[in-house]
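Top to bottom, those sequences are chains A and P.
Quick note on the numbering used here: the first sequence kicks off at 1 and runs consecutively.
Quick note on the numbering used here: the second sequence kicks off at 1 and runs consecutively.
Hint data in this document are derived by calculation from the structure and do not stem from the laboratory.
Any given hint could turn out to be false.
Output of the computed footprint for chain A on chain P, the stretches with three or more beta carbons under 8 Å from beta carbons of chain A [what the hints assert, rightly or not]: (1) 46 to 52; (2) 134 to 140; (3) 201 to 212; (4) 252 to 265.
All C-beta atoms in this analysis are idealised placements derived from N, C-alpha and C, irrespective of residue type, glycine included.
Spelled out, the chains give:
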Amino acid sequence: MLRKIVVTVFIIICFVLQCSVFDSLAFAGIIPNLMIILTSAFGFMRGEREGLIIGFFCGLLSDIFFGSFLGFYALVLMYIGYINGKFCKIFYPEDIKLPLALIIVSDLSYGIICYVLTFMLRTRFQFTYYFTHIILPEALYTIVVTLFLYPVALKVNKKLEAWEKRRAKKFV
Amino acid sequence: MSPVIKRKGEKFTLPSKYLLFILTVLCTVVMLVTFGTDVFDRPLNTVVGYVVVPFQQGIAKLGGWLSNRSEELVQIRILLDENMRLKEEIAALTEENTLLQQDKYELNKLRELFSLNEQYGEYNKVGARIIGRDSGNWYSVFIIDKGEEDGLAADMNVIAGGGLVGRITSVGPNWARVTSIISDNSKVSGMTLSTEDNMIISGDLKLMSSGCIPFGQLLDAQNKVKEGDKVVTSDISDKFLPNILIGYISSINMDANNLTKSGQIVPAVDFEHLGEVLVITDMKQAVEEN
Numbered sequence: 001m002l003r004k005i006v007v008t009v010f011i012i013i014c015f016v017l018q019c020s021v022f023d024s025l026a027f028a029g030i031i032p033n034l035m036i037i038l039t040s041a042f043g044f045m046r047g048e049r050e051g052l053i054i055g056f057f058c059g060l061l062s063d064i065f066f067g068s069f070l071g072f073y074a075l076v077l078m079y080i081g082y083i084n085g086k087f088c089k090i091f092y093p094e095d096i097k098l099p100l101a102l103i104i105v106s107d108l109s110y111g112i113i114c115y116v117l118t119f120m121l122r123t124r125f126q127f128t129y130y131f132t133h134i135i136l137p138e139a140l141y142t143i144v145v146t147l148f149l150y151p152v153a154l155k156v157n158k159k160l161e162a163w164e165k166r167r168a169k170k171f172v
Numbered sequence: 001m002s003p004v005i006k007r008k009g010e011k012f013t014l015p016s017k018y019l020l021f022i023l024t025v026l027c028t029v030v031m032l033v034t035f036g037t038d039v040f041d042r043p044l045n046t047v048v049g050y051v052v053v054p055f056q057q058g059i060a061k062l063g064g065w066l067s068n069r070s071e072e073l074v075q076i077r078i079l080l081d082e083n084m085r086l087k088e089e090i091a092a093l094t095e096e097n098t099l100l101q102q103d104k105y106e107l108n109k110l111r112e113l114f115s116l117n118e119q120y121g122e123y124n125k126v127g128a129r130i131i132g133r134d135s136g137n138w139y140s141v142f143i144i145d146k147g148e149e150d151g152l153a154a155d156m157n158v159i160a161g162g163g164l165v166g167r168i169t170s171v172g173p174n175w176a177r178v179t180s181i182i183s184d185n186s187k188v189s190g191m192t193l194s195t196e197d198n199m200i201i202s203g204d205l206k207l208m209s210s211g212c213i214p215f216g217q218l219l220d221a222q223n224k225v226k227e228g229d230k231v232v233t234s235d236i237s238d239k240f241l242p243n244i245l246i247g248y249i250s251s252i253n254m255d256a257n258n259l260t261k262s263g264q265i266v267p268a269v270d271f272e273h274l275g276e277v278l279v280i281t282d283m284k285q286a287v288e289e290n
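Based on the sequences and whatever the hints tell you, model everything.
Here it is as structure tokens:
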């Protein structure tokens, strides 16, 4: 229960930061994607199930506020969370390389999926332009933000796991 | 044995594979449904309106306060100079105003003579503050802090500084989503003020950083439209009110078909530094009914 509340608050804070604070910290009009960081971080820290649920709700939030129809971002982020969850078995908290690699690949694929489904299908074919001006800068900025946000997510998760363990012991 | 079957004494959890499948189907159905209708809009918009929007308002207020303080420090000297200049301008304008007032008096008299009504009255407006921007980098959409409770509805026009910003595409109880005219998925029907030639102005992500909006399908048979011409919203749009300033033509080219022209417009609104906007609460349809 505590986990649910903490994660919900975490998602809302990140979403609000992303669409207000980071807007004024934008480099060349590009803002980082905190939702991807959260989704994939909880995906590889906690497994497929939590990854896909968190991805679903992160996406749904973007959908309600900014999407022209519901469910698109929810679907994309859900799959990203699920696939990141597959890497839960080879994840160690001490290792920073795997999280960084996973997050950058997630953000790149998110950008490419968004381009193909919402831009290419509207006959905007200049992929190289969109890749070098939108997708790649977003991924790089996201990685920079990950270096600050990921340790926070890791610490929150550790605290939650310790709390859950204590609670489980109390009941035994 | 199927993993879904519940064993005794074990807490029931749905395997993630099945959950993924169920949610995928749910998302697809919801996408298909909301593509045409907006049945889920009301409940969901209400929920996020009370959960997320207060946070956004708080942060926007804090951010606005901070940037105001820092700006104040920088700008005092500039403002003093500007004040001097503006005072001179006021003197000139007052003089001009008296002249115009005389003209208006004459105009009203002539109008009475011709028994013409005023064609475009003042629209009713509501001020609103921007509290959030698009969370992605693909479209130019923002959230304002007024909603249904303040009398706003979808498809109302939004202006700032005398120019068209966009229109409301979704409303919650205390927030509304505005899709701006520079957004890649937006199209506005406009016309040149001088010659009343129609054109289509469509947002483009590629030109967004250069501060221009492309236009096309301008039929200008007499070759009269030139750079610097004012472009306003046209009468034929069903969403946008007529005669709202969009911007000025910055470049114009003949299309390959030798019939229509296309080019770019510099918008009248500075979309990079937008803090407050005005929402016109008169709607195109309602205006026509009166």
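How the hints compare with the structure:
1. 46 to 52: holds (count 3)
2. 134 to 140: Our answer is that it holds, as 6 residues pass the Cβ test (under 8 Å) against chain A, meeting three.
3. 201 to 212: The restraint on the stretch 201 to 212 of chain P holds, since 4 of its residues have a Cβ under 8 Å from chain A and three suffice.
4. 252 to 265: Result for this restraint: violated, n = 0.
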